[in-house]
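> One letter stands for each residue in the lines below.
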Amino acid sequence: MTDSKYFTTTKKGEIFELKAELNSDKKEKKKEAVKKVIASMTVGKDVSALFPDVVNCMQTDNLELKKLVYLYLMNYAKSQPDMAIMAVNTFVKDCEDLNPLIRALAVRTMGCIRVDKITEYLCEPLRKCLKDEDPYVRKTAAVCVAKLHDINAQLVEDQGFLDTLKDLISDSNPMVVANAVAALSEIAESHPNSNLLDLNPQTINKLLTALNECTEWGQIFILDCLASYLPRDDRESQSICERVTPRLSHANSAVVLSAVKVLMKFMEMLPKDLDYYGTLLKKLAPPLVTLLSAEPELQYVALRNINLIVQKRPEILKHEMKVFFVKYNDPIYVKLEKLDIMIRLASQANIAQVLAELKEYATEVDVDFVRKAVRAIGRCAIKVEQSAERCVSTLLDLIQTKVNYVVQEAIVVIKDIFRKYPNKYESVIATLCENLDSLDEPEARAAMIWIVGEYAERIDNADELLESFLEGFHDESTQVQLQLLTAIVKLFLKKPTETQELVQQVLSLATQDSDNPDLRDRGYIYWRLLSTDPVAAKEVVLAEKPLISEETDLIEPTLLEELICHIGTLASVYHKPPSAFVEGSRGVQHKRLPPRAGSGESTESPDVGQSGPSEAPPAVIPSQGDLLGDLLNLDLAPPTATVPSVQPSMQMGAMDLLGGGLDSLVCSSPAMGAGLGAAPAAMPASLGSAPAVGGGLGDLFDLGGGVGMPTGSYVAPKTVWLLAMKAKGLEISGTFARRGGIIQMDLSLTNKAMSVMTDFAIQFNRNSFGLAPAGPLQVLTPLSPNQTIDVSLPLSTSGPVMKMEPLNNLQVAVKNNIDVFYFSCQYPLSLLFVEDGKMDRQVFLATWKDIPNDNEAQFQIKDIHLNSDVASNKLQGSNIFTIAKRTVEGQDMLYQSVKLTNGIWVLAEMRIQTGNPNYTWMCWRRPHVRECVSQNDSPVIS
Amino acid sequence: MIGGLFIYNHKGEVLISRVYRDDIGRNAVDAFRVNVIHARQQVRSPVTNIARTSFFHVKRSNIWLAAVTKQNVNAAMVFEFLYKMCDVMTAYFGKISEENIKNNFVLIYELLDEILDFGYPQNSETGALKTFITQQGIKGQHQTKEEQSQITSQVTGQIGWRREGIKYRRNELFLDVLESVNLLMSPQGQVLSAHVSGRVVMKSYLSGMPECKFGMNDKIVIDKQGKGGTTDEPGKSELGGSGKQSIAIDDCTFHQCVRLSKFDSERSISFIPPDGEYELMRYRTTKDIILPFRVIPLVREVGRTKLEVKVVIKSNFKPSLLAQKIEVRIPTPLNTSGVQVICMKGKAKYKASENAIVWKIKRMAGMKESQISAEIELLPTNDKKKWARPPISMKFQVPFAPSGLKVRYLKVFESKLNYSDHDVIKWVRYIGRSGIYETRC
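Here the protein sequences come in this chain order: A and B.
According to full-length UniProt numbering, the first sequence holds residues 1 to 942 in order.
According to full-length UniProt numbering, the second sequence holds residues 1 to 441 in order.
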């Protein structure tokens, strides 16, 4: 009975002695020796040298000894794979034992030995055990499949164990069901796309039945699995909720929390006006409160989760403020969490009570807690306007205590109160100034300096105060330095006469003596502003600030939704998505709430992520049946621009097209592509003399004169393709460019969410010209909140081809650690004009003649003040090559050729009259009919 | 799931280490020791993340139990499991201490092998475990086939908490209603928060597989019956101060033997009990709580070096009942140099090591009042920080349930064996204790 003696042997030569004992003939001595080995193993000594001797003890009918040997094997088998084989026979034999406990033990242990050769031998026994007559063996075998999958996933699939495991979900024994569910869920996690769990109403029903019968742990596995199911409609959702609610009365907190998770998730699908919805809300509060009488560690987990629940559905706990009052003996981690929830629940109705409590807490011992309490008072002031005055006076009381960290914390929050309620509580500034000397923390110093600067005109000795900080400028933290710089500039703008010297001093300190680029830059900006235009400086520096709101500390909604799907788990404790702390592929799957039910709430509803690229692309694409309508819209700067009416004749359309296309062409140079390239899809084979459209070309020429000859092709300004609100905070804007023969997609990724984004990747849907990324999206560093990254993605045209409507439509999927987002955009066809598009003169002539008349289209561009040479140079920048030029009756005739990436040639004639307007004739020819974008509905002008 | 489980002594030495998952290495053992057990700072969270590895820990006396994982596990489940582990160990060998753990390490490894498979908790009911894992080594080699399959069906079965074939000559059961009443009162006597958390603990010595039904004066049930016309006898409570018939239960949770779906639909509590002692239910009430004592504090600062404290306690229940083990703890400032106490009843002492005056009264009847006054001498300090004035706390025990809960019946049915509900001897006891019973001063 006194096994503790095994822990005490530490003398030298121990291993040798143990060896002798292990090989002893006496059973008792052997067992003693194995115990000693295990004890040494526990404390971290290396006893692997004894491997063969220990394995020799395995063949025994003494179950206790056998278990000890197994324990040893699990620890060391990996380091001695060859020796471990010695054990295989015994395992296989034990799997056939008459005693189910021994069969289970063998299978359980074998699964823990991660040696390839052993796993090979495991398959057959495992297959038998999965169908064993005894449920104890089956439930052990179910978990063993997960173990084996962890070692060799392929083997498990090849052997068909997954199907056997699925069958076990229908087992008669609830514990077997629970373990099978646990194993399947784990395996499914590493195969995000497989439909392994295959939850359907039938299996769900089986799970719900097992739920009532299995152990508390089994209930947790089943509930966690249920939470990943997406009910088909609100009725199914409700019926599952009804069967899960009894679990809220379980003594095991984990069962309760997992049930809460299922309910919170499925509730999302219930219409809010449903009676049952209200009932459910009422049912959720009591069990959550009960969790607070559990042990402190569980209370902590519960509180972290309640924090999420309160943000998602404040109505559940809004009347339960009192239970979150801090008890004197609560552990500090419980206290801090309770405080957080108190602030979230604070409202006009209960603010008096809350403030009284907070004031009480501010006198406690724990520094962190006191600070948080003080901060909480400030947050209450910002959150509940009616209480602001009382909060401020409470804070002033606290400042009177002169407790250093209380004072500092109070000043920091008072600054925020000033920002929320300007010109209301400035009377307290005098009191604050009294405490200037006691501030030793950067945040508090910065806050105080901000206050002095902001209200410089009301503080008589503002210059003295700020000057006192200036003495130790270089010893201050950056935060304080920046604040000091701004404050002094503000002061100068308000009282220019007395403070000139001071501002000179701070500007030179910031710009000349500092190594910090932020500080230097800010210094220079102020300096130049002040020296060039003091009035403008005033407008910039003393601009009215936006009011702050109390919602700054809320968890970003998309993250919150994901965390709600993880209630009860570590993610909900850390308030981070699993991908932030789990390595490898596990947990990278992002869970989301089911789409919100009911109308009138569409703004709240999360995007439906499953929607394929073809559904609901965020870019605005008019859905008129007439293609021309779409076409016309091409490349006009904002995609939302009004769609020209398209009911008139085709001619009309054609001309508009040109107007549109050339407008952009003109704005900066030959982006005619959009118009040109899109045309084959729909260009009517009619000619027409169009009236002059727009004043675009004029711009072209202006630009041309100003900047000189652009060498590259026209690059449109970036437009927003993906709105942040549709993509969980990721905003993407971009444009296309052709540089040195390489097509590039220039993207700006902006993170407007509150969490860091990583793991970017991009993919295109099949498109008309086979555009595809030529390399991965190079976003090497994580994108932090509010950061923008510019990337250029080289594109190839070797991707799969599929005709799109409009022709130059491109559907893009962008993935990051949060989700996959889809949008579509349109690229200018000039992108596809290749560099070797200059046709041989003779060929041109021959081809030109072959073009049937009805393949011709005519367009007119107005107000171009360029002569033909300049124009042709400009067009060449976009790979529109002039083959020949002739002058007829004062008209310059340019003959041009363009070749597309897929080998389609476009020939054109451009007439330029000295004076207005300028005519362009354009003609198309397509030698490679097979590759043509579409044969039927794109009459080709050639 | 749980990747590994370690038990440490107070020095951080490993007593038990069991690794379930390949992603947990030996270095995890040291990481926890260095970062948590040996950390200079007080523990700020029961969950610690070190190098992408999460550690959950609970402490029992000076023993640390830590579960380790690299995955997004169900955190609530891990803690519940750690508590369960403590319960199981206590049930096997008593107090969790370094010595007991070392003495039983083989047993603990066996248990860990059984109740945690690949990190998934399995049946951990002591009743079931004890049928095949014992301190004398494992049973099993000499059992008959029937016995073996009985064990396995119990471990995996629907009624994992009870084995078949239990026999008693005398069928007997004990019900204890144990309540702890919690209070936070402002110095002005306003109740800031008050609640009762109660437990119904049952000790059953019943033969066979008895079906039990438990009834109490739950407001929802009584109201329902009242509507149905079958009014209970106009029960006057013979205990406590209030004569109310039913109580509003805010929330309750049950042992896993109780059929929750039945409670949810009919609000009836039916179950097959485990053998021996277990906790049938827990509940919480907040309405109409009988607060057995009221504390009226008066603290006056006389200059900078003296405090005058006067505390009155009033008992608020039937005069025929007696409260026991009453203790009032009045905190004193850290710079106290001397205390003089006068109390009407009981004994009071200043305990310098605990920074408090402790006033103990053995017994006190209902509707009485008692008083203590103390003069506290203070050493002058230049510490700017004000004394935090912790609340005055109280301990006591009373022979009634402060929530007003009454057991109405506990019926026992065993169809296979021939004993009826009437043959079962039943004992019911009510004990009210103080939980956190504090008055700010």
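Misleading hints may appear alongside valid ones.
[Unchecked claim] Simulated pairs of lysine-lysine, DSS-like, Cα-Cα distance not exceeding 30 Å:
id, chain 1, residue 1, chain 2, residue 2
1, A, Lys312, B, Lys130
2, A, Lys322, B, Lys167
3, A, Lys117, A, Lys128
4, A, Lys283, B, Lys59
5, B, Lys130, B, Lys167
6, B, Lys59, A, Lys322
[Stated by the list, open to error] Computed far set for chain A versus chain B, every beta-carbon distance over 10 Å:
id, residue
7, Asp3
8, Ile38
9, Leu71
10, Asp82
11, Pro100
12, Arg108
13, Asp150
14, Thr215
15, Glu295
16, Gln353
17, Ser468
Don't read these hints as lab results, they were simulated from the structure.
Ideal placement from N, C-alpha and C gives every residue a C-beta, glycine not left out.
> Starting from the hint list further up, note which numbers the structure goes against and sort them upward.
1, 2, 4, 7, 8, 9, 11, 12, 13, 14, 15 and 16
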